[in-house]
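Chains A and B supply the protein sequences, listed in that same order. When we follow the working numbering, the leftmost residue of the first sequence carries the number 1, and every step to the right adds one. When we follow the working numbering, the leftmost residue of the second sequence carries the number 1, and every step to the right adds one.
In case anyone wonders, no lab produced these hints; they're calculated from the structure. Please note that the accuracy of each hint is not assured.
Unchecked claim - Only part of the chain B face toward chain A is listed, based on derived beta-carbon distances under 8 Å:
id: 1; residue: 366
id: 2; residue: 367
id: 3; residue: 368
id: 4; residue: 369
id: 5; residue: 445
Small disclaimer: the values here were computed from a predicted structure and weren't measured. All C-beta atoms, glycine included, are put in the ideal place defined by N, C-alpha and C.
Chain residues, written in single-letter form:
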Amino acid sequence: MDQMQSAQAVAFAPLICTDRIEETVDAATFCFRTADASPLGYKPGQFITFQVDVADEQLHRAYSLSSTPSRPESIAITVKRVPGGKVSNHLLDHLRPGHMLPGMAPAGEFNLIDCRATSKVLLFSAGSGITPCISIARWLLDTDPQAEIHFIYSARTAADVIMADELARLDAEHPNFNLERVLSQPETSADHQGRLDQSLFDRLVPEVAGYSLFTCGPAEYMATVKTCAQARGLDMDYFHQESFAPGAANDEGVDSGVSYQLQAPKFGKAASINGGQSLLEVMEGAGLPVIGACRSGVCGSCKCQVLAGEVDSSSQATLTDAEIAAGYVLACSSKARSDLVVEL
Amino acid sequence: MFCVQCEHTITTPTESGCSYAQGMCGKTAEVSDLQDLLVYALQGTSFYAEKAREFGIVDTAIDAFVPQAFFATLTNVNFEGDRITGYARQAQQYRDQLREQYLAACLLAGKKPAEPSPAAAFDLAADAAGLLAQAPIAAVNRGKDQVDADIMGLRLLCLYGLKGAAAYMEHARVLGQQDPEVGAEFHRIMAWLGTDPADLGALLACAMEIGQANYKVMEMLDKGETDKFGHPQPTQVNVKSVAGKAILVSGHDLCDLQLILEQTEGTGINVYTNGEMLPAHGYPELNKYQHLVGNYGSAWQNQQKEFAAFPGAIVMTSNCLIDPNVGNYGDRIFTRSIVGWPGVNHIEGDDFSQVIECAQAQAGFPYEEIPHQITVGFGRNALMNAAPAVIDQIKQGNIKHFFLVGGCDGDKAERSYYEDFTMAAPQDSVILTLACGKFRFNKKSFGDINGIPRLLDIGQCNDSYSAIQLALALAKEFDCDINELPLSMVLSWFEQKAIVVLLTLLSLGVKNIHVGPTVPGFLTENLLKVLNQEFGLTPIGGVEEDMANMLKKSA
Numbered sequence: 001m002d003q004m005q006s007a008q009a010v011a012f013a014p015l016i017c018t019d020r021i022e023e024t025v026d027a028a029t030f031c032f033r034t035a036d037a038s039p040l041g042y043k044p045g046q047f048i049t050f051q052v053d054v055a056d057e058q059l060h061r062a063y064s065l066s067s068t069p070s071r072p073e074s075i076a077i078t079v080k081r082v083p084g085g086k087v088s089n090h091l092l093d094h095l096r097p098g099h100m101l102p103g104m105a106p107a108g109e110f111n112l113i114d115c116r117a118t119s120k121v122l123l124f125s126a127g128s129g130i131t132p133c134i135s136i137a138r139w140l141l142d143t144d145p146q147a148e149i150h151f152i153y154s155a156r157t158a159a160d161v162i163m164a165d166e167l168a169r170l171d172a173e174h175p176n177f178n179l180e181r182v183l184s185q186p187e188t189s190a191d192h193q194g195r196l197d198q199s200l201f202d203r204l205v206p207e208v209a210g211y212s213l214f215t216c217g218p219a220e221y222m223a224t225v226k227t228c229a230q231a232r233g234l235d236m237d238y239f240h241q242e243s244f245a246p247g248a249a250n251d252e253g254v255d256s257g258v259s260y261q262l263q264a265p266k267f268g269k270a271a272s273i274n275g276g277q278s279l280l281e282v283m284e285g286a287g288l289p290v291i292g293a294c295r296s297g298v299c300g301s302c303k304c305q306v307l308a309g310e311v312d313s314s315s316q317a318t319l320t321d322a323e324i325a326a327g328y329v330l331a332c333s334s335k336a337r338s339d340l341v342v343e344l
Numbered sequence: 001m002f003c004v005q006c007e008h009t010i011t012t013p014t015e016s017g018c019s020y021a022q023g024m025c026g027k028t029a030e031v032s033d034l035q036d037l038l039v040y041a042l043q044g045t046s047f048y049a050e051k052a053r054e055f056g057i058v059d060t061a062i063d064a065f066v067p068q069a070f071f072a073t074l075t076n077v078n079f080e081g082d083r084i085t086g087y088a089r090q091a092q093q094y095r096d097q098l099r100e101q102y103l104a105a106c107l108l109a110g111k112k113p114a115e116p117s118p119a120a121a122f123d124l125a126a127d128a129a130g131l132l133a134q135a136p137i138a139a140v141n142r143g144k145d146q147v148d149a150d151i152m153g154l155r156l157l158c159l160y161g162l163k164g165a166a167a168y169m170e171h172a173r174v175l176g177q178q179d180p181e182v183g184a185e186f187h188r189i190m191a192w193l194g195t196d197p198a199d200l201g202a203l204l205a206c207a208m209e210i211g212q213a214n215y216k217v218m219e220m221l222d223k224g225e226t227d228k229f230g231h232p233q234p235t236q237v238n239v240k241s242v243a244g245k246a247i248l249v250s251g252h253d254l255c256d257l258q259l260i261l262e263q264t265e266g267t268g269i270n271v272y273t274n275g276e277m278l279p280a281h282g283y284p285e286l287n288k289y290q291h292l293v294g295n296y297g298s299a300w301q302n303q304q305k306e307f308a309a310f311p312g313a314i315v316m317t318s319n320c321l322i323d324p325n326v327g328n329y330g331d332r333i334f335t336r337s338i339v340g341w342p343g344v345n346h347i348e349g350d351d352f353s354q355v356i357e358c359a360q361a362q363a364g365f366p367y368e369e370i371p372h373q374i375t376v377g378f379g380r381n382a383l384m385n386a387a388p389a390v391i392d393q394i395k396q397g398n399i400k401h402f403f404l405v406g407g408c409d410g411d412k413a414e415r416s417y418y419e420d421f422t423m424a425a426p427q428d429s430v431i432l433t434l435a436c437g438k439f440r441f442n443k444k445s446f447g448d449i450n451g452i453p454r455l456l457d458i459g460q461c462n463d464s465y466s467a468i469q470l471a472l473a474l475a476k477e478f479d480c481d482i483n484e485l486p487l488s489m490v491l492s493w494f495e496q497k498a499i500v501v502l503l504t505l506l507s508l509g510v511k512n513i514h515v516g517p518t519v520p521g522f523l524t525e526n527l528l529k530v531l532n533q534e535f536g537l538t539p540i541g542g543v544e545e546d547m548a549n550m551l552k553k554s555a
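Just chain B, with the same shape it has in the complex:
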């Protein structure tokens, strides 16, 4: 195996990447190899999806499948070899289907068909042993001896960035949002990456194209969520338990949460959100359910302790899943969609009765704790509604700086930086936050500036779209470039969604972003220099020094 896609990966002074019997995330070498084969197979599917489009052949089912299956290879999503193999075989069926359509169209048009890329020409072996023998062909670092490390680093940046975009495409699709243009762009880039490009400039440009494509995807996702569930509103959420039977819903899929709320209504079961599902409370169409009682736990890396202590059923609707056997709750956690763990119940379709039965069989919370309310729901509309008041406070000199502190959480000790950073932020600054990195500080009291909360929880990682809209609105109001705003971005990354959000920000021209807790293992010193020169991208340092530098451009 070789995998370097997450921040958790093995890093030694000489090299980065998990390349032994098991990755740091818990996926076995076999599953990792199968995931590589899946990605390679998908690159072949995309090759023909792109070619078929030349003749107007667009298959929305395939357009949906490729990002969805790609999402299955994202960190902490699917650890089941059989299902990964199944996706890979489905990918090749779709490839064959598109190839036939493409060749027929070429024949009809009297056009010479394009030579397939190696990925498009690749055929999966028939059996498991054969598949594993093929793994080196599909390894994400294939050809590393033929290209320098910078090229390999950029290939991986693009591949992982596109994987993050694929995850958001799937989230958007679930909400009824698909766009043929975005699909075309996705296939074009996916297919191109399957050709193992070696031009540094082209790869850098591709990274920006991925960022731009993802901006559209986040817009689609925002539309899908707000069309279906209403615009998030500032909402108080209890982060303590109440007495009664309980279901915990984690991951990003708001539709699954809605189904669970509908099916548990009147059963006496209380529903809690976990992790990236926290922002759900801000959506009127979800918050209307009285038995959506609160948020339980913190970020994904704590689930083996927190899920173990949760006295009910747990549903993992998307990433991030880690080994449920450690906390001994494998028999009461359920996976959905592309998520999987060997031996864990997987729910297909929209019937959650298994989950409800499981919850009824568990003890539930015996007591009610003293409630602790936090506020979420500062989505795009809420931020825009607040913009005039915010602008007024800026003009009065009461708000001097904004910080966007967001991204993934993880278990490395260095991540205390983000908590320390927010605590060190001056009282005349406002902190915008999103994604699960917020659990480092979202239960603290930050107070307000003349009624404007100093901590504004925007939502999930993809809701960085809302933060961008606020920044654009402020830039327009103050007639300046977004980089001239007294706004500093301090991001934490763990997996590939964070990578694509970063690429999106860079592609929009946002400069001087601070990233941590460590730099991605696939980025070389040279690439870091390029990113620093081009975008001012800087690894986090000491809180005091970073804060002082950022405050130099206060309003």
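So that you can see chain A by itself, here it is in the shape it has in the complex:
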């Protein structure tokens, strides 16, 4: 109920939902404005972290922006229903125009401005991974007359294509926007059939020289794109992938049967943690006020300090050298290797 309450000293600003567009049976786009209608600065491809109360839990989730900063009057995210997904499903079930959600400032290294890129881009996405890619496409179409965009999007069926009308409109109105849809079960010959593989990649991508590639989607999909791009001879300095995938922390070599104690003396909390659990899930379970936004070692929202004990971390993104030296880790990407004492 505390409209601006946050678990940690992170700045949240109220964002007002202004529109809801049903994209597919299980996905919708939500548009937002700031409380005073001032423009919200961000880079194409970046995400925004929302604070959402679900039942009695205060949860944080990152969603890539599908809008373009070249049209700053409104921002948009697209949310797809996820089996067991607490926040996405809650938003799809309850979020309507007029509702307010607290959101953090947009962030993310996966963006067209900070990543090494050219005017010629290959945008590979699947499912709800379309959002940062269409943001990049929209930005380029608005700002770079030299842009050449190959937009390759994978979905199961035509009915599952998110923003189908918008993609078709961009394809029709912009000669420099080339849409290729890859569907598992296509209904027309205009779409490509099957899953993305090297053969299809080579057919869809006539050349890679001078191109940049951005991809977002399930981890397996992005790995395929990466393999194909490498094999095709893309300069991998120009390959960029988003990494929203819960559980992205490396599980290899972990003995999840070993159990340790995690203590947070400042909050008077203690919990057991096994070698396979992330600090984040255990800290959340213990009721500690940790913000797990991207949950993938990207956004840095779950930064915490390990005062005693050892952890293995698969990501140190956003942490400075001084923070790392002081024992700061990302809770989502760290697993216990001994008993731990942590502080937020």
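Take the given structure of chain A and dock chain B to it, following the hints.
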């Protein structure tokens, strides 16, 4: 000062009770002493109220006043020394009035008047300094050096239990429910406690009499609420804010809420309930107001943060009030009835225009949040209507156990027990809840058992009357004693209303109740043993162990 009436009290390895410059609740030693004097004065009033009844002299105004003023000394109700003093002086005026009537009646009847008890013979000093000098005479633990700790503990159990009953009597009175028999019983016990009884058996019996009297009071209160506002119905309540100017109504007084709803209709102001006012949404005559938009916040101990963040006016109709200056909202909170805090606006009469003006001057909520609906309103009738379906599910083996998890909330970390307990309850169990302890878990999703919600919010603490009715109905259906039902009670206490509800349950023969988070500071080890032997009353332990023990008697 000495005060040990709430769970928050200072507890050391050697003794319990607040006895320094200020109580843990925030009342000063001076106010605490004045409250003791008030209680002592009221015991004197009750002495003559009881005696006067021998001649058929019953003054309903005095019968109303004594419990009402006693209520003012309940935890987190009134922190204003001047008003407490005023109540005490009024009590002695009433005592004098009754004494005159009694002596005149004795004279007329040729009967020798009874010797007044020390409380009845006591006269308040004329000035503030004199009053404070008298405080030791009236201290609730007066005579502690003359009696053993068990006797003192039982005196306090009875005094605090009766105080809880007095609070419910006042709630019932506001709803037009007064009963001369209940009034007589109240005065009898109040007067007797003013004699500083020292018989352990008599005090234990008195505790049960208080419980029985309170059962009648809760019945009256139930009648008053349902006659005036209709029977509660299962109702969805939004616990998120909506855009607009706002008034928050806390405490127990549904009549005040109704007045506020009437007076804010058409003003554009949204009204929210807080704390123990949440069950109001279930009453048809209150829920009919479209601008009763939801419930804000949680239990009383969080108000300094939640009220501070509330962008409107706040009305505290009864307990529990804590220092509004901490959250800097003292200028936009209003007290009612016996509630008071120094410097805080107090509303007399039925005109809430000050509150409305205050709300209009505040920012209000700028946005609407995503709604979150919870369900309340499983009062007596709703439970009784559901009873056949519940019985059917028990017979089919789909419901194996009931838990009544209710009582007060507070800020001690141990209270996480109640949340953990409900989360650990098996899926084939139903949880009944009431009072503000529910805020620990009432926003969680518990699901349902073939359409019967696993969490049934019965209402305010006094609505334990409804839970008792359901238990009695189930016992009748299954032709067994209430203690043979697969029903376990896990209560949390903080203040004196919870104490009297516990006494009521014990007086009805309910056994094996678990109580926490800690045992009352005024109960000695010996008394706890007696309560355990007689009633199976047990302090809460570990969730897992307690749950396993309780489930041994599953259906």
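Verification of the hints:
1. 366: Because about 7 Å separates residue 366 (chain B) from the closest Cβ in chain A, which is inside the 8 Å limit, the hint holds.
2. 367: holds (3 Å)
3. 368: holds (5 Å)
4. 369: holds (6 Å)
5. 445: At 5 Å from the nearest chain A Cβ, residue 445 (chain B) passes the 8 Å test, so the hint holds.
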